[in-house]
Amino acid sequence: MFLKNCWYMAGWDYELIDSKMLARKLLNEPVLFYRGESGKVVALADRCCHRGAALSMGRREGDDVRCMYHGLKFNAAGKCIEIPGQEMIPPKLGVHSYPVVERDHLIWIWMGDPALADESQIIDFPYLSDPAWRGMPDYIHYESNYLLIVDNLSDFAHLAWVHTHTLGGSEEYAYKTKPASVERLERGFRVTRWHMNSAPPPFHRKVIDNNNNVDRWNVGHMQVPGIFFLESGFAPAGAGAEKGNKEGAKEYRNCQFITPETESTTHFFFSYLHNFEVDNYNVTLSLHDSLIEGFMEDKHIIERQQRILDEDPDFKLLAIAADGPLSHFRWTMDKLIAAERQQQAVPQAQEVQRNKSPAVAA
Amino acid sequence: MFLKNCWYMAGWDYELIDSKMLARKLLNEPVLFYRGESGKVVALADRCCHRGAALSMGRREGDDVRCMYHGLKFNAAGKCIEIPGQEMIPPKLGVHSYPVVERDHLIWIWMGDPALADESQIIDFPYLSDPAWRGMPDYIHYESNYLLIVDNLSDFAHLAWVHTHTLGGSEEYAYKTKPASVERLERGFRVTRWHMNSAPPPFHRKVIDNNNNVDRWNVGHMQVPGIFFLESGFAPAGAGAEKGNKEGAKEYRNCQFITPETESTTHFFFSYLHNFEVDNYNVTLSLHDSLIEGFMEDKHIIERQQRILDEDPDFKLLAIAADGPLSHFRWTMDKLIAAERQQQAVPQAQEVQRNKSPAVAA
Amino acid sequence: MFLKNCWYMAGWDYELIDSKMLARKLLNEPVLFYRGESGKVVALADRCCHRGAALSMGRREGDDVRCMYHGLKFNAAGKCIEIPGQEMIPPKLGVHSYPVVERDHLIWIWMGDPALADESQIIDFPYLSDPAWRGMPDYIHYESNYLLIVDNLSDFAHLAWVHTHTLGGSEEYAYKTKPASVERLERGFRVTRWHMNSAPPPFHRKVIDNNNNVDRWNVGHMQVPGIFFLESGFAPAGAGAEKGNKEGAKEYRNCQFITPETESTTHFFFSYLHNFEVDNYNVTLSLHDSLIEGFMEDKHIIERQQRILDEDPDFKLLAIAADGPLSHFRWTMDKLIAAERQQQAVPQAQEVQRNKSPAVAA
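So the protein lines, in turn, are chains A, P and Z.
Residue 182 in full-length UniProt numbering sits at position 182 of the first sequence, and the numbers go up by one each step.
Residue 273 in full-length UniProt numbering sits at position 273 of the second sequence, and the numbers go up by one each step.
Residue 42 in full-length UniProt numbering sits at position 42 of the third sequence, and the numbers go up by one each step.
If you're looking for bench data, these hints aren't it; they were derived computationally from the structure.
It cannot be assumed that every hint is accurate.
No copy labels: a pair is met if it fits in one copy or bridges any two.
[Unchecked claim] Within a straight-line C-alpha distance of at most 35 Å, the following computed DSBU-like cross-link-like pairs (lysine-lysine) qualify:
#1 Lys335 - Lys250
#2 Lys4 - Lys299
#3 Lys20 - Lys316
#4 Lys316 - Lys335
#5 Lys176 - Lys20
#6 Lys316 - Lys25
For reference, chain A alone in the conformation it holds in the complex:
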């Protein structure tokens, strides 16, 4: 049960170079992505309407795609425009074409009703195209439901235990820091934590030239359906960063996109950007490697957690005080999905029809 009428991050623009036909399942639906000759990014149901062959095994022709089983050709709107050996093409023959938007090196897709796709709902993360910031986009495939990854990012106290030797730095983080503020937003939450006068954590220590104590801040912003932006930084301890003095601070901007593949698997996209030594590729690489190391620590725990939960559907989780943001987000998602289901209850016939005789955009 996924939220359909919202924008999902579907991939990095770099994944479509060299005329790549990218097959990616999203919310249980097989989707083919490619960049047409005109430069336009196209997203079509990755299933020929004739015999169900994968269009991603087909051939790009201009902005169109030809199924290489029996040669049917579809345009970017999903309409069948050629059946070799047959003159008449039934007008309803075609495949679903998904609204896509390319922005800040991100490819966004709208999985629900195309008529509701509103580009203005896409949240910008301008750091990705700002030359003052440098990062290295990447991808990890998760064997877990997407919400377990959202949960993970909802309580940064886990830095103390999961990431002690990588992103966290010490177990102190769990005892000495508390959320300075927790904002419950209409479609997410924002949590701010400060860790004052502590040693720099290993990932940061690797790219700076001293071991002086720092004041560290993390401002995590989670948004529906699984978009996470983190603003963080390290200032000299006691310099007053918490009051706004960022002099001498080194800052990071981190985006993570948690997009369901199926109920039990997830696409996890991320980039960790720095605003210092942006032309020193070793800094970028070091941060990227540290992030991967940390994310693997999460993945190890979360995938095992998923298997444990799978084995006993009756198991009831017990909340602790720190679960406030997590609970708010799950409640928000449940509410949005329920509302969407209720709206669909009336024109449901139309929804079913997509599988039978795809509506083809003009």
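On the provided structure of chain A, position chains P and Z as indicated by the hints.
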């Protein structure tokens, strides 16, 4: 849901050399095949009636087989003829023995009611034992339902797209050829296609010594439950092959047997025979390699197609004009299976009994 | 459907050296085993009550364990004793703690109602800690239900067929030996077999210095829920061992513990002990290797048998005369499980509660 009362091709005779105990699942039933000392081919349920051990892990003794778990011995009719350490053998103790017929290097099995097994229903493919023709029998295992493979062979226009660089030769085949005739048969179909005045396709080019244009014909004959015979040839372009003049032609005979293993996996047997240079093993090998190459192109598409169809049981395929033979075959199978089910509705108790207390042939 | 209120063998003591956090699933329940700093063996549900993370990925602290996801700490009784960053700990927060007993190098666990756990019900196998006997404990993982392994040990005639060249020695064993006595016990059975005046079987021949004929005895004792003790030996043929003269005999004591992991997988623990040349490690190793070789022969047959049975739930096995002990054991298990279910029918609410809000021992 398979058709039971018909002959299925179960294996090549060469698979039973050296006293091989061949375990092969057919229509979801585990079957043990072996050639008894007398030369007779035996097919028994591959499951000891005592504790369910695999008889294929047992030992051939003459025409009999001994289960190597507790030593029970069964004869070729499936009757238990020894229980070590026990004198009385309950007369009903035994396993199902399947009717088998060996002909033209093929082993045919009857999966339904043995009383209905009529050897005269087996279709001959005499080229396999005719010294004027030479081929190399082989086998491919498919991760798909058998009907997707039947579908594939029902429309040779796919040669243009799937096999352009192997068996097809050009995309022209999809545009310039149309079925010259489509015969709907009581238990199958026959489709004839001619491709006039074209370059020889790669597989044929490899075994001939010139690149002159040819007139090519393909006569495909599909029969229940998944037996495909292809008569094809290449004659000098314009020589009048389509009017019966086969002078200078090089011909092929191809048999393919598509036998269900389970609902989602299939045994695919084939041999591609040529009537020229039959003593030149390099020609036989070259054709065999080309066929494998082409069949792998099919397998790649079809197995992916199966996974796509599996993921969305509500997906409705949309037919095009070329699907006539395919639709006729599927309709024929459905009709035959429905008729068989209806007949079985009365003496169903007997069918169930096979699992409980196998009927043993005298 | 497992018997819960009984002791299961859960592991060898050597599996808990070096502060090992041992994750082992038993009867479908994930369990964490560790030896606390005090030396006490602890068995806890391997699932943090907070978010379901695996406690086996946590950290031992004294006799306690800390979940390394968000830092919750549990004592040996399963009670949560710390939530970092939170002062109040809800009293019901905790995980199930299983009764465990360590004895004769074996770790026993009680999977049912802790209030019923009665240590006196544990059956001793003192040979494991008796210096007059020497063996090498080991473990095999089975892809089959535990009862198929129990079945296997219920009829030693299988030695003739499965283990002819390893543990059995000849097919004669199936014809010339019959159970001298079969005792049906309240919670198991005991079967005695003698094989008089035969060549020593390969595993025994490897560790003795002559090939003289022997009188061989096997006394197998199977107990609920899957505990097998074998007393066996080889005496000079004709010396009267069957009348009590064990002079010149070489004896073995073998224990096998068959503990369900899931309905379709099993933990199989064993040790084969000898009372001669106990300080000759080569003898111990040779016997161990022979046992492994023999057990692999069983595993090969049994795992295939499981797959065959899985494929056709309607298949009815047919008993032979030798199946008496097997049938008695299955009948005993069924009866005990049914009785346990009936007892639980009343306070079932309590059982369900374990998953929701674990009862924590004081």
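Evaluated hints:
Taking CA atoms no more than 35 Å apart as the test, Lys335 paired with Lys250 passes in neither setting, with 39 Å inside one copy and 70 Å between copies. Taking the shortest alpha-carbon separations for Lys4 and Lys299, both the intra-copy value of 26 Å and the inter-copy value of 34 Å come in at or below 35 Å. Taking the shortest Cα distances, Lys20 and Lys316 sit within 35 Å of each other only across copies (28 Å), while inside one copy they are farther apart (44 Å). With identical chains, the CA atoms of Lys316 and Lys335 are at most 35 Å apart both within one copy (20 Å) and between copies (32 Å).
Taking the closest pair of Cα atoms, Lys176 and Lys20 come within 35 Å of each other only across two copies (31 Å); inside a single copy the shortest separation is 49 Å, beyond that limit. With identical chains, the CA atoms of Lys316 and Lys25 are at most 35 Å apart both within one copy (30 Å) and between copies (19 Å).
Comparing the model with each earlier hint shows a violation of hint 1 alone; every other hint is respected.
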